[in-house]
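Model the full assembly from the supplied sequences, consistent with the hints where possible.
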Amino acid sequence: MSRRRDLHHGCRIGRAEFVRSVRGYTRDARRILGLAVAVLFFGGQLLVTLPAAYAAGQSVRTATAVPYLDPVAVILPVGLLALATLRTMERLGGVDAEELLLTTVHPRAVVIGLVLAELGRLALWLGLPIAALVVAFAAGLGAPTLPLTAGVLVLPLLACTAVCGYALGITGLRVLRRLPTFRRLLKGGAVVGFLGLFVLSQVAAHAFVERDVSVAALLEVVSVPALTEYLSLAFVGTPLDGGVSPAAVAVLAGLLAVTPIGLAAAERSADALWFGDDDRSQPSGSTAAAGSGEGFAPPRPFAWRRSGRIAWGHLLRAIRHPQELSHLLMLVFLAGPVLGSLASGNDGGALASILAGTGTAVGVYLAGATFGLNPLGDDRPHLPLLLLVETPTRTLLRGRVAAGLALGLPVAVLVPVATVAAGTPLPAALGYAALGLCLAPAAAGLALGLGCAYPIYEPRELWGTETVAPSTLVLLGYSFVVLGGTSIWLVLVPVGLGGPLSPLLLAGAGTLALLTALPSALSYRYALNRYRGYTR
Amino acid sequence: MPSTHSSDAPPAVEAIDLRKRYGDELAVDGVSLSLPSGTVYGFLGPNGAGKTTTMRLLTGLTRPTDGEARVCGTPVADRRGLVSQVGYLPETPPLYEEFSAREQLDYVADLRDIPPETADERIDAYLDRFELREDAAKRIGSYSKGMKRKTAFVQSVLHDPDVLFLDEPTSGLDPRAARRIRESITDFAADGTTVFLSTHILPVVEAVADTVGVLFEGRLVAEGPPADLTDRAAAGADSGTLEDAFLAVTGGDDPVEGGE
Numbered sequence: 001m002s003r004r005r006d007l008h009h010g011c012r013i014g015r016a017e018f019v020r021s022v023r024g025y026t027r028d029a030r031r032i033l034g035l036a037v038a039v040l041f042f043g044g045q046l047l048v049t050l051p052a053a054y055a056a057g058q059s060v061r062t063a064t065a066v067p068y069l070d071p072v073a074v075i076l077p078v079g080l081l082a083l084a085t086l087r088t089m090e091r092l093g094g095v096d097a098e099e100l101l102l103t104t105v106h107p108r109a110v111v112i113g114l115v116l117a118e119l120g121r122l123a124l125w126l127g128l129p130i131a132a133l134v135v136a137f138a139a140g141l142g143a144p145t146l147p148l149t150a151g152v153l154v155l156p157l158l159a160c161t162a163v164c165g166y167a168l169g170i171t172g173l174r175v176l177r178r179l180p181t182f183r184r185l186l187k188g189g190a191v192v193g194f195l196g197l198f199v200l201s202q203v204a205a206h207a208f209v210e211r212d213v214s215v216a217a218l219l220e221v222v223s224v225p226a227l228t229e230y231l232s233l234a235f236v237g238t239p240l241d242g243g244v245s246p247a248a249v250a251v252l253a254g255l256l257a258v259t260p261i262g263l264a265a266a267e268r269s270a271d272a273l274w275f276g277d278d279d280r281s282q283p284s285g286s287t288a289a290a291g292s293g294e295g296f297a298p299p300r301p302f303a304w305r306r307s308g309r310i311a312w313g314h315l316l317r318a319i320r321h322p323q324e325l326s327h328l329l330m331l332v333f334l335a336g337p338v339l340g341s342l343a344s345g346n347d348g349g350a351l352a353s354i355l356a357g358t359g360t361a362v363g364v365y366l367a368g369a370t371f372g373l374n375p376l377g378d379d380r381p382h383l384p385l386l387l388l389v390e391t392p393t394r395t396l397l398r399g400r401v402a403a404g405l406a407l408g409l410p411v412a413v414l415v416p417v418a419t420v421a422a423g424t425p426l427p428a429a430l431g432y433a434a435l436g437l438c439l440a441p442a443a444a445g446l447a448l449g450l451g452c453a454y455p456i457y458e459p460r461e462l463w464g465t466e467t468v469a470p471s472t473l474v475l476l477g478y479s480f481v482v483l484g485g486t487s488i489w490l491v492l493v494p495v496g497l498g499g500p501l502s503p504l505l506l507a508g509a510g511t512l513a514l515l516t517a518l519p520s521a522l523s524y525r526y527a528l529n530r531y532r533g534y535t536r
Numbered sequence: 001m002p003s004t005h006s007s008d009a010p011p012a013v014e015a016i017d018l019r020k021r022y023g024d025e026l027a028v029d030g031v032s033l034s035l036p037s038g039t040v041y042g043f044l045g046p047n048g049a050g051k052t053t054t055m056r057l058l059t060g061l062t063r064p065t066d067g068e069a070r071v072c073g074t075p076v077a078d079r080r081g082l083v084s085q086v087g088y089l090p091e092t093p094p095l096y097e098e099f100s101a102r103e104q105l106d107y108v109a110d111l112r113d114i115p116p117e118t119a120d121e122r123i124d125a126y127l128d129r130f131e132l133r134e135d136a137a138k139r140i141g142s143y144s145k146g147m148k149r150k151t152a153f154v155q156s157v158l159h160d161p162d163v164l165f166l167d168e169p170t171s172g173l174d175p176r177a178a179r180r181i182r183e184s185i186t187d188f189a190a191d192g193t194t195v196f197l198s199t200h201i202l203p204v205v206e207a208v209a210d211t212v213g214v215l216f217e218g219r220l221v222a223e224g225p226p227a228d229l230t231d232r233a234a235a236g237a238d239s240g241t242l243e244d245a246f247l248a249v250t251g252g253d254d255p256v257e258g259g260e
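Note that the protein sequences, when read in sequence, are chains A and B. Residue numbers for the first sequence follow our numbering, so the first one is 1 and each next one is one higher. Residue numbers for the second sequence follow our numbering, so the first one is 1 and each next one is one higher.
I should point out that these hints are in silico values taken from the structure, not numbers from a laboratory. On a predicted model such as this, the values are computed, not experimentally measured, just so you know. Just so it is clear, CB atoms sit at the ideal spot from N, CA and C, and this is done for glycine as well. Mixed in with the good hints there might be a few duds.
Dumping the calculated DMTMM-like pairs for lysine to aspartate or glutamate here, alpha-carbon to alpha-carbon at most 25 Å [as the list claims (entries may be wrong)]: (1) B:K145 <-> A:D28; (2) B:K148 <-> A:E98; (3) B:K148 <-> A:D96; (4) B:K138 <-> A:D96; (5) B:K138 <-> A:D28.
If the Cβ cut is set under 7 Å, some of the chain A residues that face chain B in the computed set are [as the list claims (entries may be wrong)]: (6) A16; (7) R20; (8) R23; (9) A97; (10) L100.
Dropping the structure here:
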């Protein structure tokens, strides 16, 4: 009786959470526009993949000939499990309006509801295109029952991976709560690890292409016959029907058996997490700011000027809540593929020079992107205070610029200089460092104007911290302008250092300098006016 | 309808030597309570005294480090038994901004297993009573603070709980709405519901509470009818108000005579 009741409540919670998500996606014109762009982009991919799936359906004669069936049979459950675990750790570990739900229904119902809502979201984002591919393949094969049998087979797999992933994610959150030092290390380590993985993946991709490594041969290694046979059950009643193997039935039975066990484990873990002690259980000293008894005392050189002290405040906040800088991961996606290509195609001194240039570009990028891309949104909680204090607006903005420079300049200058030891010629290293010195303030000024032009105010929770991330549009615009512009400068520096400067080169450099400085100055001016507009 | 109090019925709220420790910090230190049905208990204390922690312990949202608590005889650890007996309005209204008030209340009624017809009747009555009907179809995200608070109050009483825990229920409300809440509290108590009311607005407590408990640094330092506390305060001062009593028991190490 209580199980049926929990299931009913869970379904209701799942429906409500799903409706909330959908309403959130379409909350305003900006989100709808973003959604439309995503649908157009990914929908466009379907224009290619759907005919390919249809053609594949027409050509295959046996289940074993279905392209990538073996690796998909392994990657699908592993990927779903990993996705559920990560999503739980990132967002689903808690529930909105927790006091309401936990004093209204049993925790098991809340777990069921959260898992069902997540499955709904997954079906919306990934299920629809995958279903379209299956339908196209089935149409090519002439097997109208295939979408139905595939759906029936995927359901137990989805249920099992979702609840087990949820249990793993919740358990992970409990471990992190128990080990606060490990949690802090993980925050920093995760970013570095992610960065490394991404660059490695790019290098590996290039190795595949250049050294003629067969992806198909590699994927064949990732094969579990029992899982392939389970997935092949979808072909029952179609021209590819290979019968029902005992291994496939065993996998189905296993999935059905593990699902309630996973649910019970998820419920126990969630119960312990939700009703256990939160961060307040840490000794009060661990959350106290170092030196807080001495007041706000920035070190030199930040202490010299008021804008420096403001900059120190921004840096301190970033150190205490590094999640607020999550938008910087965009740099990894943008720079990773380029770095991967360059790293795999060069060696020795060339690689050192590439590293030097990369240091300059990253430093310049960080100078603006770290604190400048959403100043109004970032300042919103204390905007009334900032606008009512006697400190001039320009000092507030200079503080933000200084914070970005404090982070970006050392990278832009020291990395090229340090690569001299690895083989970068000294003049080139110094040239890159000087370039970083000039471009970093320009990037910081540009970022402020872009950020003020399209501020984002709505906070979202990420890894337990509320953060107001800049608009993706602003982030992309800034990234392309700054990384593109810096790349041109990086090419010009060795050319300029290599020989006599031709009038054409000088004219080009002059134009580029104007195109770099003018938008930056105008952008900074615009940001200043936007801030001042609040007090007029 | 909540069960009415009889002599052999268990106390509506009972806490025995309740303690809650967060690391080195003792948030609740040996609180013992026994509240009969149909009473309004005014729970006072300065900021950080442990009021919200105590309410979370009594509603089962937090596990005690030590001690026991029961609501109408049901241990607070028995969540399945507890949920039908308590209504809880926390200080931050637990609402979904993507829903309208009507959708929110329908949702909660469904989770509370209230039959649809009964739910509709109650929701309509409460929406009228708290002047929310005209805005009931609007998203809660567009509501004022007071409207959110009223909606959250309605959702906490929708299932006619035996014990109602209210954390600052009149905070942010205009005088008319605050009066409606006060009247509702006394009405619920008259119908047999026990109201556990935590607030800093002392006139509200004076107006509705049968018993007042004062929490200070996690300890219950004074308890009794408001008149008794004010009399004690008057004995040592020019005037005898609940504010005087509150300041006396929370202003130093020596609690008011007769306090716990």
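For each hint, the structure was consulted:
1. B:K145 <-> A:D28: holds (22 Å)
2. B:K148 <-> A:E98: holds (16 Å)
3. B:K148 <-> A:D96: At roughly 15 Å apart (the allowed maximum being 25 Å), D96 (chain A) and K148 (chain B) satisfy the hint.
4. B:K138 <-> A:D96: Holds. K138 (chain B) to D96 (chain A) sits at ~20 Å (cutoff 25 Å).
5. B:K138 <-> A:D28: Cα-Cα ~16 Å, so holds.
6. A16: For A16 (chain A), the interface hint holds, since the closest Cβ of chain B sits about 6 Å away, which is under 7 Å.
7. R20: Hint holds; R20 (chain A) Cβ to chain B Cβ min 4 Å, cut 7 Å.
8. R23: holds (4 Å)
9. A97: holds (4 Å)
10. L100: holds (4 Å)
Of the numbered hints given earlier, the model fails none.
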